[in-house]
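Here are the chains, one letter per residue:
Protein chains: 4
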Amino acid sequence: MQTIEKSTQIKSDRPLVIAGKTFKSRLMTGTGKYRTIEEMQQSIIASGCEIVTVAVRRVQTKAPGHEGLAEALDWTKIWMLPNTAGCQTAEDAIRVARLGREMAKLLGQEDNNFVKLEVIPDTKYLLPDPIGTLQAAEQLVKEGFAVLPYINADPLLAKRLEDVGCVTVMPLGSPIGSGQGINNAANIQIIIDNANVPVVVDAGIGAPSEAAQAMEMGADALLINSAIALAQNPVAMARAMGLAAEAGRLAYEAGRIPVKTYASASSPLTGTITN
Amino acid sequence: MQTIEKSTQIKSDRPLVIAGKTFKSRLMTGTGKYRTIEEMQQSIIASGCEIVTVAVRRVQTKAPGHEGLAEALDWTKIWMLPNTAGCQTAEDAIRVARLGREMAKLLGQEDNNFVKLEVIPDTKYLLPDPIGTLQAAEQLVKEGFAVLPYINADPLLAKRLEDVGCVTVMPLGSPIGSGQGINNAANIQIIIDNANVPVVVDAGIGAPSEAAQAMEMGADALLINSAIALAQNPVAMARAMGLAAEAGRLAYEAGRIPVKTYASASSPLTGTITN
Amino acid sequence: MQTIEKSTQIKSDRPLVIAGKTFKSRLMTGTGKYRTIEEMQQSIIASGCEIVTVAVRRVQTKAPGHEGLAEALDWTKIWMLPNTAGCQTAEDAIRVARLGREMAKLLGQEDNNFVKLEVIPDTKYLLPDPIGTLQAAEQLVKEGFAVLPYINADPLLAKRLEDVGCVTVMPLGSPIGSGQGINNAANIQIIIDNANVPVVVDAGIGAPSEAAQAMEMGADALLINSAIALAQNPVAMARAMGLAAEAGRLAYEAGRIPVKTYASASSPLTGTITN
Amino acid sequence: MQTIEKSTQIKSDRPLVIAGKTFKSRLMTGTGKYRTIEEMQQSIIASGCEIVTVAVRRVQTKAPGHEGLAEALDWTKIWMLPNTAGCQTAEDAIRVARLGREMAKLLGQEDNNFVKLEVIPDTKYLLPDPIGTLQAAEQLVKEGFAVLPYINADPLLAKRLEDVGCVTVMPLGSPIGSGQGINNAANIQIIIDNANVPVVVDAGIGAPSEAAQAMEMGADALLINSAIALAQNPVAMARAMGLAAEAGRLAYEAGRIPVKTYASASSPLTGTITN
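Protein chains in written order, with full-length UniProt numbering: chain A, 1 to 275; chain B, 1 to 275; chain C, 1 to 275; chain D, 1 to 275.
Certain hints may be false.
Where chains are identical, the list cannot tell them apart; a pair therefore holds if satisfied intra-copy or between any two copies.
To be verified - Calculated lysine-lysine pairs in the DSSO-like style (CA-CA distance at most 27 Å, straight line): (1) Lys21 with Lys159; (2) Lys159 with Lys105; (3) Lys124 with Lys21; (4) Lys77 with Lys260; (5) Lys124 with Lys260; (6) Lys124 with Lys105; (7) Lys21 with Lys77; (8) Lys142 with Lys124; (9) Lys260 with Lys24; (10) Lys159 with Lys260; (11) Lys260 with Lys21.
It should be emphasised that the hints constitute simulated quantities derived from the structure, not laboratory data.
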């Protein structure tokens with residue numbers, strides 16, 4: 001009889017690869033909104049994530065809690081994903097992306113050319129501008145960035161961004177921090193089914209069930225921040241999100257049962273085991 | 001800085017207690033529908049479950065794959081939950097429940113008085129009969145059984161069953177084996193909010209996201225069989241369901257963020273860390 | 001060319017028949033919760049309904065606004081459906097049903113033996129007791145009543161009630177007055193697909209879209225009260241609900257398009273008209 | 001007592017105004033996909049619509065059933081909305097829009113400068129290109145067109161299109177002809193809440209309930225073609241959609257009840273009528 005120890009090693013055998021770089025975890029998190037630096041540190045560890053996004057402008061402006069970011073996380077294990085949060089135009093985002101590259105170098109990640117591109121003129125819903133995002137993406141790709149654009153779940157825009165050389169697309173589930181979950185599932189499914197780059201569902205996820213749902217649809221990864229940082233117990237929620245991302249991915253690879261109209265007995269009186 | 005090893009020990013600290021018996025895992029599985037006994041064995045181990053339900057009539061009729069059930073699982077670690085699948089009336093279910101108690105003794109579980117009560121006259125949807133279920137439950141409680149009744153998600157019926165002494169209620173998410181997920185979430189939520197016994201969501205779950213959803217709602221446990229046994233890779237799906245049950249429970253205890261109409265910046269330019 | 005006048009006569013050609021009595025409208029309403037008697041009168045007219053339910057105990061206790069109920073509506077055109085609201089047990093409901101029959105006679109409806117059976121011990125969700133409802137239904141059928149039982153959407157209970165001679169079943173969409181809509185669509189669909197008596201979706205409908213949804217599923221009729229009476233403009237909402245019930249029924253009979261995964265051009269460049 | 005005749009005159013008192021032109025009906029339909037010209041004629045009449053969209057390229061290429069379009073409908077009562085279906089680029093759409101204006105003149109609508117702008121490079125989902133749509137819209141507005149762009153439900157794109165002078169925005173519910181309904185409700189709600197031009201929900205609606213849902217959300221109008229033309233009985237479905245659009249609008253103006261967690265008795269034993 002097989003032992004429990006062996007079985008717990010069941011894992012997805014297809015890693016996440018972005019811009020040639022391989023990651024074991026499919027959950028990305030952030031550093032914003034935590035109540036204390038300690039909670040942030042422990043939550044990031046509990047999540048099992050290997051990519052953490054950082055708002056460049058926040059570091060730049062020395063926002064509270066950011067003086068010690070270099071020391072707070074172990075940047076030999078965590079890959080930094082600089083983001084352009086707070087940028088309302090393509091120009092602004094391009095400028096901040098360049099600062100992000102410098103920031104990565106200061107943290108010892110010399111070869112880190114990643115940028116999470118956010119062009120967000122709207123302050124109420126924090127929804128991204130498709131035109132400005134495409135413009136900035138084109139420029140940043142030319143400058144050698146690995147661009148991960150944050151977008152509304154628009155399959156044609158996703159395809160355009162892929163065509164100009166973005167290394168992922170990051171469609172939103174629902175507005176940032178809203179916890180509404182995956183409001184655009186049908187469009188995200190179309191994006192996933194047609195993408196040649198990894199699809200990262202970003203923003204809006206409020207609970208592990210929603211994280212798992214996105215992964216079961218075939219999303220390659222998730223980015224979750226508010227739902228962890230603002231949970232009553234962020235560390236436990238971080239762990240829950242990490243487990244859910246893994247569960248959803250495993251299920252995607254395992255091949256779920258079809259949905260049927262009628263029932264099918266779990267305990268049929270005539271057996272199904274044939275040998 | 002905290003190490004990754006320590007963080008992975010985050011676990012729910014409130015165990016599942018049914019009829020005075022304590023379980024660490026909140027996922028129950030079954031033995032039906034697997035393609036081979038080996039897949040069943042490995043899946044049950046991978047799921048991490050501690051309770052496995054067995055159709056008494058199937059063993060009784062020596063259905064294929066059931067001659068070796070006593071040897072197939074380690075009954076010193078797995079608690080057997082005999083079920084009355086295949087019973088269409090209260091009388092039939094009562095009779096089969098008694099046989100189940102004998103079966104438990106043969107497996108060395110002398111004190112096992114559990115029975116998963118199913119009274120299912122309908123063969124198309126396999127939905128339970130509320131009247132027959134209540135009648136059988138009353139009788140079986142009188143006979144000293146710990147009764148876990150399988151029911152439609154009817155809050156008043158759940159309360160009636162609790163009142164006659166059932167040790168859990170097991171509302172269905174959707175028809176057995178249908179993989180439709182949680183079709184009755186609103187009613188299940190009412191049952192959870194008002195129950196004084198553990199609520200086990202049983203039947204219909206097709207994916208880990210749905211398992212997590214039920215646990216996030218506050219369900220105390222899940223019973224999942226078809227979605228594991230009939231997945232293309234049952235062992236991986238079993239592991240995924242185990243992770244999802246844990247993730248959902250952790251999230252329930254961790255306290256999720258509220259759902260908001262508008263966005264809330266993950267990376268605010270003014271900080272929220274106050275010390 | 002056909003005129004607009006002719007086209008507006010498109011109507012469902014299969015009327016609603018309950019206990020041998022034929023109704024053109026498939027929307028039933030109530031008299032409770034209105035702000036004024038005038039609003040009630042106008043709303044009932046605007047809805048186009050032919051059946052109005054009245055709480056017998058409310059009339060009995062001379063609750064405010066009920067002294068004039070006999071005069072408020074034209075009982076030669078409106079069929080009264082006495083209901084047993086406020087009854088917590090089968091016994092109480094049986095007693096009130098008998099009073100309802102007397103009330104109908106006083107309104108000039110000598111042959112009216114209808115009763116909407118409500119057995120509701122729960123005051124928070126106002127959900128019905130399946131056991132008490134079945135008991136009362138059996139007795140009332142024996143006494144010659146045409147029984148329309150209000151039930152949780154439990155297909156097996158619905159079948160039991162049909163078997164004892166109820167003339168409809170009235171599954172709830174969601175708790176009375178909650179406006180949550182059709183929370184139990186899957187179960188209601190099973191009830192509809194298997195019923196040999198009309199299925200009336202009762203309670204919880206908050207908007208015309210939900211009224212139409214129930215009718216598209218094949219429900220035979222609807223009962224809507226709170227969503228009309230408590231709307232800001234009850235008369236307009238009553239009209240809206242009447243239109244929605246008609247639209248949903250027409251669509252059910254018209255045969256909707258199948259749901260498809262992919263698109264299908266509305267304006268194909270090659271034609272589909274073949275003659 | 002008010003008569004039934006009077007009550008049936010309850011109607012929305014705020015008409016739909018697009019580019020200064022007033023319409024009583026809020027349902028737009030099309031001419032494609034019908035099995036016969038007679039069905040098309042009768043369906044358009046039954047729907048009560050005043051705006052009918054026509055694929056310019058289809059007329060241009062003399063697709064089957066289009067030789068008689070000028071005579072098939074009463075263009076003194078129906079406002080033609082030429083569309084650019086079949087155009088994959090901004091340039092192509094601009095060219096076809098100009099042809100559409102000529103077509104309107106030939107039908108006697110000298111002042112008709114409307115164009116439903118579709119830029120659709122994708123043939124599988126028929127989803128619109130946001131970049132090409134914006135480019136074409138800018139040019140067509142400059143040329144004096146009243147532009148009604150078909151778009152993915154992207155609030156920022158909708159705002160951009162409004163800013164360049166479009167007279168409506170037409171977000172899609174789901175892919176054309178798919179009958180999936182309103183997949184992007186959250187985004188469409190944001191568009192509605194922030195638009196200064198009418199919002200027309202276009203594509204994907206399969207049933208009256210979905211038509212009503214969009215109107216209840218506050219959409220100003222609907223465009224429905226496939227769900228009518230391809231129904232088993234298109235004329236009845238057209239009528240159903242017309243009723244649903246009216247019901248949804250009435251309900252939006254009437255002010256629906258709030259959704260509540262708990263129940264609220266329809267037939268309270270203590271009255272609410274205060275006078």
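What hint numbers does the structure not satisfy?
2, 3, 4, 6, 8, 9 and 11
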